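Asker: Here is how the chains run, residue by residue.
Number of protein chains: 2
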Amino acid sequence: MHRVEKEIARLINECEYDEVTRLFGMLSGGKRLRAKLILKIADKHEKAPLLGAIVELIHAASLLHDDVIDEASLRRGVPSVNATDGSKTAVMLGDILYSKAFTELVSFDKDIAKIIASSVTALSKGEMLDVKMADEFNYDEDKYLDMLYLKTATLIEAAAEASAILAGKDSVSHALYGRNLGLSFQIIDDILDITADEATLGKPAMNDYVEGKCTLPYIYLYKLLDEDDKQRLVSLHAKALDESDSAWIKQKMNEHKTIEKSFELAQKLSNEAMNAIKDDAQLIGILQTMIKRSY
Amino acid sequence: MHRVEKEIARLINECEYDEVTRLFGMLSGGKRLRAKLILKIADKHEKAPLLGAIVELIHAASLLHDDVIDEASLRRGVPSVNATDGSKTAVMLGDILYSKAFTELVSFDKDIAKIIASSVTALSKGEMLDVKMADEFNYDEDKYLDMLYLKTATLIEAAAEASAILAGKDSVSHALYGRNLGLSFQIIDDILDITADEATLGKPAMNDYVEGKCTLPYIYLYKLLDEDDKQRLVSLHAKALDESDSAWIKQKMNEHKTIEKSFELAQKLSNEAMNAIKDDAQLIGILQTMIKRSY
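Chains A and B are the protein sequences, given in the same order. Going by this note's numbering, the residue at position 173 of the first sequence is 176; the numbering climbs one at a time, nothing skipped. Going by this note's numbering, the residue at position 84 of the second sequence is 87; the numbering climbs one at a time, nothing skipped.
Please keep in mind that the hints were generated in silico from the structure rather than gathered at the bench. Remember, predicted model here, so these are calculated numbers, not experimental data. Think of the CB as a built atom: it goes at the ideal place given N, C-alpha and C, for glycine as much as any other residue. Hints are not guaranteed to be accurate.
[Unchecked claim] Using C-beta positions, here's what the derived DEER-type ranges look like:
id, chain 1, residue 1, chain 2, residue 2, range
1, B, H48, A, E74, 22 to 28 Å
2, A, M29, B, N257, 53 to 59 Å
3, B, A243, A, P207, 38 to 44 Å
[Said to hold, decoys possible] Using 16 Å as the maximum straight-line C-alpha spacing, the simulated EDC-like pairs for lysine to aspartate or glutamate come out as follows:
id, chain 1, residue 1, chain 2, residue 2
4, A, K233, A, E258
5, A, K146, B, E19
6, B, K91, A, E258
7, B, K264, B, D173
8, B, K113, A, D112
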C-alpha cells in the first residue's frame, strides 16, 4: 500500500496548490478498501498503484461532497472539512480531487477509463437518490437496494472490474465480487448504525433514521408490524429520537429479528461474491474481515 | 448548434434520472460560447458536436458549484438551482454533469481527453483561489490575472486547443486564441460589473467588490490613489456599499481612467488572439462581438 500512498501524494503535489495539500493532509485516509482491492487483483501490474490512487481520490471527493450534503460534522472520527473549513471549501476541494483523478484516468485504456468514470456518474446519482428518498418513509426494499448499489457498490464494482481487466483476469466475476462486497459492506454499516454505540461509531447511534434514511432493518420491520405500530414507526421517521422511542424501535427489531434478516442478506450477497472468485484466498479474506465487523 | 443541443439532450437523457432532466431543463443554456468555438474550429469533424456538448456540461457543472460557493441567487437572469432547489441539489447535479462529461470524454484520443480534463482541475483551483483572494484586498495584478486564467480562461483555451487537434489545425495558436479570448472576456465582464446597471446585469452593480473581488479597475485604482484614499478604498472592501461610497469609487475610477486601462488590457489580449488566428474570419468575429459588449 505504500506504493498507492506515494502515488496519491504525487497527484496531490501535482495540483500545485498549498491549500489543497494542507486540506488533503487533514483527511483521514480511511481503510483504503478500494485501493487494497485493486492491488490484490492486479498486484503485478505496474499501473495498479496509480489506479488505486485515482479511485481513492474519487472516493475522497465523493465523501467530501457527501458530508456537505448530509451536513456531517465528523468523518472517520475526525472533524469533516465542511466543519473545519466550511462547505464551500469542501465542495471546491472535492472538485479538484475529482478532476485530478479524471485527468490521470486518461492514461489508462479506454475500457478501464470508461468503467471508472461511469461509476462516478452512478455514485453521484446514488447520492441524489439517497437524499430524495430521505424525504419520506420508504418501505420498498428493491428501491433501497438500487440506491445502495449506485451510492456505495458501483465504485467498488468498478475498481474490481477495472483491475481485473488490467491484470488479464475475468472481469465479469470480479465485477460481481466487487458489487456484492460493496452491497454487503453497506448493509453491515447500516446494521452497525443501530447496534453499535456512539463511541464505536464516532457519531450518534440510530443516526440514519433520524436523517430520514430507512435502512433494511427499518424496511423489514415496517412490513412485520401491525397497523398501529406501522403508524408509530412512520411518525418517528426523520425526527430526533428520545430514549423511549429508540428503545421501542430496538425492541420491535429484536422481536421481529429484522437485524438478523438484514444480516442474512449481507451474508447471502457475500457468499455469492465468494463463489465468484472462489480460488482467490486474498479476496475471500477481504470479505471475511468485512463481514466480521458486525459481531 | 442544434447538433450540440441534440448531443447535450442525449447525454442528459443517458443519465436515466428524471430529476436530472428536470433540473437541467431549468438552467438557462447561456451563449454556449465554448461549444460555438469548437464547432467553428472543427466544424467538419463528426465528433465536434459531442466535444461541444461535453465542454458545455463541464461549464454548466462549474457554474452550479460556483453559485453554491458564491451564494448567488441569480444566474443569467434566472434563479439559480441553489436558490430554487437548495445548495445540496446544486452540488449533486454538478457532480452528475461533471462525471457524465468525463465519461464521454473517454471516447476521444488521449491528448484531447487530457487537455479537457486537466483544464477542469485548473478551473476548480481557480475557483478556490478566487474565494481565498476575496478574504483581503488584493492589489497584485499578476496574482489576479493568474487566477482569472485558471478560473475563466483554461476551459476556453482547452476547448480551442482540443478542437484544433480534432480538426488537424495548429493547436498552439488556437490555444493562445482561446486563452486570450477567455481573459479579455472576463476582464470585460469585470468592467461591466462597474459600468452597467442592475437591469442589464441581472444582479446589483459593483457586486464584485461587495463580494471581496478586487478586479482590475480596483487594482489599478489602488496604485494611483494617495495614501488617504488608498485607506478609504480598502476600508470599503467586501462590504455593502452605500450610494455615496459607490459614487466615490466611480468618480475616482473616472479621474484615474482605470476602466479605460482595464479595457486597454482586454483589447491588447484580444489583438494578440486575433494575430494568432489571422486568417480565420469566424474566430475574429467571435472576438469582435465579445469586445463590443463593453460599450
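Asker: Now, for every hint given, state plainly whether the structure supports it.
Answerer: Hint-by-hint comparison with the structure:
no.: 1; hint: B:H48 - A:E74: 22 to 28 Å; verdict: violated, 46 Å
no.: 2; hint: A:M29 - B:N257: 53 to 59 Å; verdict: violated, 47 Å
no.: 3; hint: B:A243 - A:P207: 38 to 44 Å; verdict: holds, 39 Å
no.: 4; hint: A:K233 - A:E258; verdict: holds, 14 Å
no.: 5; hint: A:K146 - B:E19; verdict: holds, 15 Å
no.: 6; hint: B:K91 - A:E258; verdict: violated, 38 Å
no.: 7; hint: B:K264 - B:D173; verdict: violated, 32 Å
no.: 8; hint: B:K113 - A:D112; verdict: holds, 9 Å
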